[in-house]
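Q: Chain A is fixed; fit chains B and C onto it per the hints.
The lines below spell out each chain.
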Amino acid sequence: MIWNSASEFWAMGGYGLYVWGSFGVTALLMGGEVILAARHHQRTRESLQMQATTIGSVQDTAKDWQP
Amino acid sequence: MNPYMAVIRRDVSLALRRKNEVMTSVFFFVVVASLFPLGIGPEMNTLRLIAPGVLWVGALLASMLSLGRLFSSDHQDGTLEQMVLSSASLPGLVGAKILAHWLLSGLPLVVVSPVLALQFDLNAQAIEVLMASLLLGTPLLSLIGAVGAALTLGVRGADVLLSLLVLPLYVPALVFGAGAVQAQTAGLGASAHLSILAAMLLVAAVFSPWACASALRVALE
Amino acid sequence: MTRHSNVLFRFAAPQAFYGLAGRLWPWVAALATVLGAWGLWMGMFVAPADFQQGQAYRIIFVHVPASWMSMIIYLAMAFWALLGLTFNTRLSGMMNRALAPTGAMFAFLSLWTGALWGKPMWGTWWVWDARLTSELILFFLYLGFIGLTASIDDPRRADKAGGLLALVGAINVPVIYFSVRWWNTLHQGASVSVTQGSSMAQTMLWAMLLMAMSFWLYAIAIALYRIRTLILEREKHALWVEAELRSEGGAS
Numbered sequence: 000m001i002w003n004s005a006s007e008f009w010a011m012g013g014y015g016l017y018v019w020g021s022f023g024v025t026a027l028l029m030g031g032e033v034i035l036a037a038r039h040h041q042r043t044r045e046s047l048q049m050q051a052t053t054i055g056s057v058q059d060t061a062k063d064w065q066p
Numbered sequence: 000m001n002p003y004m005a006v007i008r009r010d011v012s013l014a015l016r017r018k019n020e021v022m023t024s025v026f027f028f029v030v031v032a033s034l035f036p037l038g039i040g041p042e043m044n045t046l047r048l049i050a051p052g053v054l055w056v057g058a059l060l061a062s063m064l065s066l067g068r069l070f071s072s073d074h075q076d077g078t079l080e081q082m083v084l085s086s087a088s089l090p091g092l093v094g095a096k097i098l099a100h101w102l103l104s105g106l107p108l109v110v111v112s113p114v115l116a117l118q119f120d121l122n123a124q125a126i127e128v129l130m131a132s133l134l135l136g137t138p139l140l141s142l143i144g145a146v147g148a149a150l151t152l153g154v155r156g157a158d159v160l161l162s163l164l165v166l167p168l169y170v171p172a173l174v175f176g177a178g179a180v181q182a183q184t185a186g187l188g189a190s191a192h193l194s195i196l197a198a199m200l201l202v203a204a205v206f207s208p209w210a211c212a213s214a215l216r217v218a219l220e
Numbered sequence: 000m001t002r003h004s005n006v007l008f009r010f011a012a013p014q015a016f017y018g019l020a021g022r023l024w025p026w027v028a029a030l031a032t033v034l035g036a037w038g039l040w041m042g043m044f045v046a047p048a049d050f051q052q053g054q055a056y057r058i059i060f061v062h063v064p065a066s067w068m069s070m071i072i073y074l075a076m077a078f079w080a081l082l083g084l085t086f087n088t089r090l091s092g093m094m095n096r097a098l099a100p101t102g103a104m105f106a107f108l109s110l111w112t113g114a115l116w117g118k119p120m121w122g123t124w125w126v127w128d129a130r131l132t133s134e135l136i137l138f139f140l141y142l143g144f145i146g147l148t149a150s151i152d153d154p155r156r157a158d159k160a161g162g163l164l165a166l167v168g169a170i171n172v173p174v175i176y177f178s179v180r181w182w183n184t185l186h187q188g189a190s191v192s193v194t195q196g197s198s199m200a201q202t203m204l205w206a207m208l209l210m211a212m213s214f215w216l217y218a219i220a221i222a223l224y225r226i227r228t229l230i231l232e233r234e235k236h237a238l239w240v241e242a243e244l245r246s247e248g249g250a251s
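Protein chains in written order, with numbering that gives the first Met the number 0: chain A, 0 to 66; chain B, 0 to 220; chain C, 0 to 251.
This is chain A alone, in the form it adopts within the complex (with noise of 0.2 angstroms):
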């Protein structure tokens, strides 16, 4: 192991800020981008089914249709 203490370990020999600045915002992003990409799926989904419901199945409305 390199690190002699948990401390030394966050304090990263002074460049602390630098380092965890930069994890940091790269887990915060690419977590952002998932949870994202998932509400935005959800919600699709969501929206799309509310509309099926409301305007009705192409198959209904397919079995009225006269030539």
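Because the hints were derived from the structure by calculation, they are not lab data. Even glycine gets a Cβ: it sits at the ideal position worked out from N, Cα and C. Heads up, a few of these hints could be off.
[Unchecked claim] DMTMM-like mimics (lysine to aspartate or glutamate), calculated; alpha carbons at most 25 angstroms apart, straight line:
id	chain 1	residue 1	chain 2	residue 2
1	B	18	B	76
2	C	235	B	220
3	C	118	C	234
4	C	235	A	45
5	B	18	B	73
6	C	118	A	7
[To be verified] To give a feel for the contact side, a few chain A residues facing chain C, derived at Cβ under 8 angstroms:
id	residue
7	9
8	28
9	32
10	33
11	34
12	39
A: Coordinates of chains B and C only, in the frame set by chain A:
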């Protein structure tokens, strides 16, 4: 008269009737070149140093501002659709429009540049190189910018979006254009820069009308 | 020949790709997580301090992968753009829209981590060296693509216009990079190189490669996930979408 000359003549005479297209570009260029010393200070040594960059960026921005008008008025009155449908080559017609646009918005900048360069105390050789770099550079900027104008045709917020699209693509022209003048003032000779600028212009002259034509077809279908 | 092209073009149909992406992305994400954890372990707990830069060099374990990914994703977008403009497939445009936000994010991270690395190393938050400046321009190219595709209402037109823009941009990237390098050397800018170590220690290199692989797989996974959302939105009038929505209830 062949259709390409007709397009050039039409665009130029339409613009000259209103005159504001020419004047806006030139006026903007002059204003930008005057604002920088006001913002930075009258120290002549500093101004001489920053002159190539300031003048080139001013010309670049002035040229960029006039791009929105390249296709929009023809789009609105239906002429553009006629051009797309016509039997004449669309890249050829687009090239003619870009040439007309440059004659109206780019060439005046070249003509005005020596006056502004004197305000920054550039010597005669530097002014020569500046004019040469702008003479090669402004058509290059028009060609590159035209692709952006075609892509954003009729889009909401087209002007700002156009700037965002086109600025990264302008970087090589700016680097070599301003770099040419800087090389001249540093005594290194600008021929390399100007050659590269000329090469880029040739490549753009071949590819840009074709890319614009594709973009216009996408926009109009 | 026809058999191979049938397999390829089978997945060009949004419905088929939806299923494929749905089966693939969890595995890719899992692999990305494993490699990322391994890379972080190696980078933060095994690799020694750098001789010149002390502990601050560890930023490369996110900076370099982010930079690489921002460039790889742009290349991927150019590839899909070429495919889409040649074969007029709907999926190519959707793929680019799925990739662009991640690419822009990585470009931003490259700049952010670059600045945080630069401050302790060179004393300033920003240095106009060729690589960082080119990365900044790449970031603008991404923003331009996202802005253009977001502003055009008609999805097919947005796809094609975006594809053209991505292609034009990709062709220009080498020119831009070359001109920025020329500009940098001529102006005697900061002559530091971002990857300074001449020969990196084995563990450092290994950790960096692991992180790069992890970021790459992450990008693939999230693009596959995102494109499923796009496919649902675009194909919402298709029967298979209705069946899909009904069958899978709340799960994705």
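Q: Are the hints correct? Go through all of them and say.
A: Now for the hints, and whether the structure bears them out:
no. : hint             : in the structure
1   : B:18 with B:76   : 20 angstroms, holds
2   : C:235 with B:220 : 23 angstroms, holds
3   : C:118 with C:234 : 48 angstroms, violated
4   : C:235 with A:45  : 12 angstroms, holds
5   : B:18 with B:73   : 17 angstroms, holds
6   : C:118 with A:7   : 21 angstroms, holds
7   : 9                : 11 angstroms, violated
8   : 28               : 5 angstroms, holds
9   : 32               : 6 angstroms, holds
10  : 33               : 7 angstroms, holds
11  : 34               : 11 angstroms, violated
12  : 39               : 6 angstroms, holds
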